[in-house]
Amino acid sequence: MSSPDDQALTGAIFEESAILTLKDLSRMCAVDERHLVEYVEEGVIHAVAVSSSEWHFSGAELRRTRLALRLERDLEINLAGVALALELLDELKRLRREQAGR
Amino acid sequence: MEFKDYYKVMGLARDATEAQIKQAYRKLARKYHPDVSKEKDAEARFKEVGEAYEVLKNPEKRAAYDQLGQGPRPGEDFRPPPDWGTGFEFSGAGGRDSDYSDFFESLFGGQGRAGSRPARGAFHAGRGEDHHAKVLLDLDATLQGGARQLSLRIPEIDAEGRLVSKERVLNVQVPKGILAGQSIRLAGQGQPAHGTGTAGDLYIEVEFQPHPLYRVDGRDLYLDLPVAPWEAALGATVKTPTPTGTVDLKIPAGAHTGSKLRLKGRGIPAAAAGDFYVILQIALPPADDDKAKAAYAALAAAIPFNPRAILGV
Numbered sequence: 013m014s015s016p017d018d019q020a021l022t023g024a025i026f027e028e029s030a031i032l033t034l035k036d037l038s039r040m041c042a043v044d045e046r047h048l049v050e051y052v053e054e055g056v057i058h059a060v061a062v063s064s065s066e067w068h069f070s071g072a073e074l075r076r077t078r079l080a081l082r083l084e085r086d087l088e089i090n091l092a093g094v095a096l097a098l099e100l101l102d103e104l105k106r107l108r109r110e111q112a113g114r
Numbered sequence: 054m055e056f057k058d059y060y061k062v063m064g065l066a067r068d069a070t071e072a073q074i075k076q077a078y079r080k081l082a083r084k085y086h087p088d089v090s091k092e093k094d095a096e097a098r099f100k101e102v103g104e105a106y107e108v109l110k111n112p113e114k115r116a117a118y119d120q121l122g123q124g125p126r127p128g129e130d131f132r133p134p135p136d137w138g139t140g141f142e143f144s145g146a147g148g149r150d151s152d153y154s155d156f157f158e159s160l161f162g163g164q165g166r167a168g169s170r171p172a173r174g175a176f177h178a179g180r181g182e183d184h185h186a187k188v189l190l191d192l193d194a195t196l197q198g199g200a201r202q203l204s205l206r207i208p209e210i211d212a213e214g215r216l217v218s219k220e221r222v223l224n225v226q227v228p229k230g231i232l233a234g235q236s237i238r239l240a241g242q243g244q245p246a247h248g249t250g251t252a253g254d255l256y257i258e259v260e261f262q263p264h265p266l267y268r269v270d271g272r273d274l275y276l277d278l279p280v281a282p283w284e285a286a287l288g289a290t291v292k293t294p295t296p297t298g299t300v301d302l303k304i305p306a307g308a309h310t311g312s313k314l315r316l317k318g319r320g321i322p323a324a325a326a327g328d329f330y331v332i333l334q335i336a337l338p339p340a341d342d343d344k345a346k347a348a349y350a351a352l353a354a355a356i357p358f359n360p361r362a363i364l365g366v
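Protein sequence lines correspond, in order, to chains A and B.
Take the first sequence: its letter number 91 is residue 103 in our numbering, and every next letter is one higher.
Take the second sequence: its letter number 279 is residue 332 in our numbering, and every next letter is one higher.
No wet-lab data here; the hints were simulated from the structure.
Using N, Cα and C, we set each Cβ at its ideal position, and we do this for glycine too.
Each hint should be verified, as a subset may be incorrect.
[What the hints assert, rightly or not] For lysine to aspartate or glutamate, the following EDC-like pairs were computed, each having C-alpha atoms within a straight-line distance of at most 20 Å:
id : chain 1 : residue 1 : chain 2 : residue 2
1  : B       : LYS110    : A       : GLU88
2  : B       : LYS91     : A       : GLU110
3  : A       : LYS105    : B       : ASP270
4  : B       : LYS61     : B       : ASP136
5  : B       : LYS80     : A       : GLU110
6  : B       : LYS100    : B       : ASP58
7  : A       : LYS105    : B       : GLU55
[Said to hold, decoys possible] Here are the simulated distance ranges between beta carbons:
id : chain 1 : residue 1 : chain 2 : residue 2 : range
8  : B       : GLN120    : A       : ASP44     : 53 to 59 Å
9  : A       : SER65     : B       : GLY64     : 51 to 57 Å
10 : B       : ARG221    : A       : GLY93     : 34 to 40 Å
[Stated by the list, open to error] A few chain A residues facing chain B, derived, Cβ under 10 Å:
id : residue
11 : ARG39
12 : ALA72
13 : ILE89
14 : LEU91
15 : ALA92
Excised from the complex, chain B in its bound form:
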């Protein structure tokens, strides 16, 4: 088992005061909290910090932890000393919903958590707890609807009363038109009932993987569509991809980069479906042969045009 240096995790000296520990925790928690952080590995870091704080903020646990010293040398396996835990009273270890490392569980797991968890269940006797999970789906799932194989991590209490997370694979019909941040409720798929009660429900919150072509804003979709300068200037009918297939799109004459064309109701489906917006981007043909160079030169000669007039130069 890997030894955890809780002081290092929190960036603290081993003689840090309680106030310093609290301060360090708050700062790190704000930085890595999965609900507010965009840091990479925010969730893993936050768990680590939460675990370190759980030990260091509690004088009994901290004293016991300090007895272990600096831990084994790097690469060496850690085992709790045989007399571990004698003379210390660990009260109220559990309470948080995160799962701790094996290292933490081997030192502080068991008694505190086992004592505290059933109390929560007893609060709503009979009914199993609701489970919450998050999944990342492809955008097509909401555009077309359909079944998806979802792999969920579900927290569970094992036989020894420890909180562990277990993988569960479910085949779920994704409702057409579901938006990022919304959830699918599966009745009775949460924790089984205690005794004669009913099972809890399972809530699956969805997020979408970035789509290679479309950006999403609520129910509306956006596509950047490249057009040739003459298509924009003279108007044209061009092919454009949409979620429901390729369509012919009419570009009005005099269009420019940033012009926004709307295809009503071709966004994310609903009773009031979202719209599909095409943003034009003028693409320039390269002047990489004599013929193209001559064409550009002819254009320059034919049209007096100062693109910087707006800058006053």
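Same shape as in the complex, but just chain A:
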């Protein structure tokens, strides 16, 4: 019998290793680039500053974008509503973490 370590698939932690362009993010979420620009302008997702004119995103923004798209579609809320929901979810997460440290 082979041990579980044999031929295990290896992958990097996406959030810590990936830098995405607007185009990457658009393809990965199957959503129009213009929609993502609106997300950035509304503060739903954040671009990281790099030394070029193009926007770049950390890998963590993929999960955030997908979450925003799901909320927008499933809850039929507008952009401001999505931004608010994400902020409140962040706050909830922070409070739960604080609870754990007590």
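Go by the hints and put chain B onto chain A.
Only chain B this time, still in chain A's reference frame:
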């Protein structure tokens, strides 16, 4: 096949108006959306509600569904009537990423979904779609790293163009130091390529099962450590479990319940590893025999102590 009472699922009367249907959906969606809900069975309930809404919000589908009446009596099997679907036009059935019940598929599946899905693939011709899955791991997976057998549910389009979810078991090396909410990207493990393109990637988002001893805050770990009153008062060296094994921990004299001791770098590993925090909890020995009672009485006589002084009584 089980008949689905979509009106009941949404808590609506059969003569509900479009506005009422929309309102009911929004309320239930907010309550059960898996991204925001802590309700039990949120995901299953949300799917059910989404499916009911898909039918009731669409006048053609709703009219066709209403023709079925109240469905068979409880326990009886449901079959679509032989003339089902004639005279109705179901356009744009698909679009959502959730999989529907057999009941829904038998009534509204097929044409709409089959028509709408390939359009999405064609949008990025050649490349297979990325797949996303979530897994629940033990905390040891991130503390030590190592291979884990993961069972994933992957959405797939079957031969008839229906969205089904299929089980896939993968042996995956969990990167040491991965945090809850982060994902492992497995290049080329998503949907196979269309023709000459490249395969999509697979993203596995991890969450951790609650650990019996440690609480997690980011990269830091917390442990409640019981100590005897004299260990806290006089100071002592006591054994404490840590993720890397049992260590001797020095308790400073005058410690109290809630005192926080830090073991640097013994949290979740990384270039800047998290810390391990020990929170002291003073445990009282029971006074269940004469000797213990005498010891407590001697303590009371020796030390004038009013624990309620702070309350002004």
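Hint check:
Straight-line distance between C-alpha atoms of LYS110 (chain B) and GLU88 (chain A) comes to about 13 Å, which keeps the hinted pair within the 20 Å bound. Distance check on the hinted pair: LYS91 (chain B) and GLU110 (chain A) sit about 18 Å apart at the alpha-carbon level, within 20 Å; holds. Between the alpha carbons of LYS105 (chain A) and ASP270 (chain B) the distance comes to roughly 10 Å, so the proposed pair stays at or under 20 Å and holds. Between LYS61 (chain B) and ASP136 (chain B) the alpha-carbon distance is near 25 Å, which puts this suggested pair outside the 20 Å criterion.
About 29 Å separates the Cα atoms of LYS80 (chain B) and GLU110 (chain A), which puts this hinted pair outside 20 Å; it is violated. Of the pairs offered as hints, the one joining LYS100 (chain B) and ASP58 (chain B) holds, with about 14 Å between alpha carbons and a cut-off of 20 Å not exceeded. Between LYS105 (chain A) and GLU55 (chain B) the alpha-carbon distance is near 39 Å, which puts this suggested pair outside the 20 Å criterion. Checked against the hint of 53 to 59 Å, the C-beta distance between GLN120 (chain B) and ASP44 (chain A) comes to roughly 38 Å, which is inconsistent with it.
For SER65 (chain A) and GLY64 (chain B), the Cβ-Cβ distance of about 52 Å falls inside the hinted range of 51 to 57 Å, so the restraint holds. Separated by about 35 Å at the C-beta atoms, ARG221 (chain B) and GLY93 (chain A) satisfy the suggested range of 34 to 40 Å. A hinted interface residue such as ARG39 (chain A) counts as satisfied when its beta carbon comes closer than 10 Å to some beta carbon of chain B; here the least separation is about 6 Å, so the hint holds. Look at ALA72 (chain A): its Cβ gets to within about 8 Å of chain B, closer than 10 Å, so that hint holds up.
This hint holds: ILE89 (chain A) has a C-beta 9 Å from the nearest C-beta of chain B, less than the 10 Å allowed. Restraint check, LEU91 (chain A) versus chain B: the minimum CB separation of about 17 Å is more than 10 Å; hint violated. The restraint placing ALA92 (chain A) at the interface with chain B is violated, with a minimum CB-CB distance near 16 Å, outside the 10 Å limit.
Consistency note: the structure conflicts with the earlier hints numbered 4, 5, 7, 8, 14 and 15.
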